[in-house]
Amino acid sequence: MFDLANLNLRLCLLCDQEITHKVSWKNVLMQEPEMLICVECFGKLDPISGELCQICSRVLSAEFRRDTLCLDCHRWEQDPKWQGFLTENRSLFHYNDFIKESIATFKYRGDYAIAEAFSSFIKDALPKLAFDSIAIIPLSSERLLERGFNQAEALVVTAGETCIQPLTRIHSEKQSKKSRRDRINLPQVFQITDPELVAGKKILLLDDIYTTGSTLRHAAKALKLAGATEIRSLTLAR
Amino acid sequence: MISPHVITPYSSKLQHHLSGRFLLAAEIPFSLELLTEHIESGYVATKVGVIRQNDKYRCSRCSNRNQQLFYTFPCNICQKNCTYCRSCIMMGRVSECAELYSWTGPELIFPMPPKGMAWDGTLSDGQKTASDRVVAAVEQNEEVLVWAVCGAGKTEVLFKGIETAISSSKRVCICTPRTDVVLELAPRLKRAFPNVKVAALYGGSEDRHVAAPLTVSTTHQLYRFANAFDTIIIDEVDAFPYSMDTSLQQAVQKAKKQTSATIYLTATPSRKMQQEYRKGTLQAVTIPARYHRKPIPVPMMKWSGNWQKQFQKKQIPPQIQSWVRNRIERNIPILLFFPSIQVMKESLPLFQEIEPGLLAVYSEDPERKEKVTQLRNGEVPGLLTTTILERGVTIHKLDVAVIGAEHQVFAESALVQIAGRVGRSADHPTGTITFFHYGKSEEMVKAVLHIENMNREASKRGLLDV
Ligand SMILES: [Zn+2]
Ligand SMILES: [Zn+2]
Ligand SMILES: [Zn+2]
Ligand SMILES: [Zn+2]
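Chain order of the listed sequences is W and H. What the first sequence shows, in our numbering, is residues 2 to 239, in sequence order. What the second sequence shows, in our numbering, is residues 2 to 467, in sequence order.
One chain only, chain W, in its complex shape:
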């Protein structure tokens, strides 16, 4: 049964405030999707739009671009060792203080529900990307036991999709401590567990944040060398 009273009482998954949702016959009859976050929280999100880098969807600025690419992607693509592995990355929101805090609560406090708060945005983005399977970046096993979930998997599952885990981590050191050169020169970060999962397929990598793009490029390279045809990626923020 449809409970009118309940529609009003839903709490925002990001701020715990009641979502004051206008109940009209139209949205009852049409069964409009239930709001998971409130208008205030929605307003604090900053969607990425404008003229974007063709590969990584960074907003292009005059001094940091080469034609249709940002300078970073241009450099990656100039390097024969890295050329062409990542076809496209889509990131949904700018990494502002609000989403930074939400992602920190999600990952470091272990608040899985935050994945669901963003699920409708992930759902909307998926049809715009060509893929056969969604793959996730793995966590180290210690991290997984500590946190209880893989944040990328949580984003996939709450969006109603399934994912494959064709990769494992070889190096578990903190990548943020290394310079860009170190990261690029690392021989391998990921290993393929099961090439059959990816061979001949278009793979979409999903993760929470796009920082330097090096993690995703390492994963893309491993997948492509294992026979995947195209690698795209989708992240919540960058």
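Calculated pairs, DSSO-like style, for lysine-lysine (alpha carbon to alpha carbon, straight line, at most 27 Å): (1) Lys48(H) - Lys108(W); (2) Lys108(W) - Lys81(H); (3) Lys461(H) - Lys447(H); (4) Lys101(W) - Lys370(H); (5) Lys45(W) - Lys370(H); (6) Lys45(W) - Lys346(H); (7) Lys202(W) - Lys82(W); (8) Lys129(H) - Lys198(H).
Hint data in this document are derived by calculation from the structure and do not stem from the laboratory.
Put chain H with the ligands on the given structure of chain W with help from the hints.
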């Protein structure tokens, strides 16, 4: 010391860490092996983090029962669908597969400090009466409300009681809804009790593992305690979130020992507390006068027409306009309270036409602290604000106006607290407080009565200089 009951040895470090606490394994920096040993010998007890009863979940740490604040996820730790509490998630996840640890072994006794108190200030007559009452409550494990007007000097009232507790090895906790207050209170207590370890607890504080005879804590941090305190002092008992959140009240109950003293502090007790006091079910002591022995300025009520409509037309109601101009001309710093952020933001440019230096402060304002400091230092002629500045702000010399005082956000307690900002210092014990309104509310009338009653009682008890 040899105790006849103790047979198995135990880790005194673990005892220090866990006594009176209620912690997740991740918050205990000892090996699982050591913990297990202590559990087996009965020195450590565990409790399931989230309990399911009759299809309803309940959090063992924060007592949350709001089912919408539980979430079930596929957990990699227990390999099941696992439910956790979102109400206290900021302190780390408590779930069905998480356990909370507490110390059940020999009680941790804090050694008596060589010399207790270094504070040697004098108390006003009103403070003295209250201080004696607090000491008695500590000694006899009673519950007492200290109803002290804004500016009475309530912290000093606690010192003697704290000394009494500590010198008989009792563990004391002062808890307050605001981190600012913890940060301000901790150094004052350290100065007053130089030989006593003081732990300051708030989100992200470094003292979170410190076991101390004297703890100052935000109300939320109490979730991490169980059966810990002999004396618990609850500051601003009527303020959010303590008054709003029953789970926090349960946290207070859980944090104190079964036999313990509870001291409530406030200038504006809730209606329920006032009723209990009048019925005699709650003991109370009042401090109706300020430390400087001058009466509290009584609010003036001034009709200012339909202020909302006038602001919409980009006009300041003339009564309010002349009030502001008058203060600016006479160089008197002002605080203007608005019923909502929206009205405040919309009318800021209008007020800046009168005086460009006026600023607005709102709750999520990153420069909130700086702006208040600027007002205190006379670098800013005045601030527009919402109820967020109703408490805690003390400015040397100040006139205050409430705009739209009949609005529902201005409850009696809020109005009394706002009026309490005026006339705080002995150099400037007067100052004016004006309630601008479009029809008096019951709460406004009650607030004025409240202040008049306090002044009358103060005068009757000889606590005012004539
Ligand atoms: Zn929200
Ligand atoms: Zn790019
Ligand atoms: Zn909880
Ligand atoms: Zn679990």
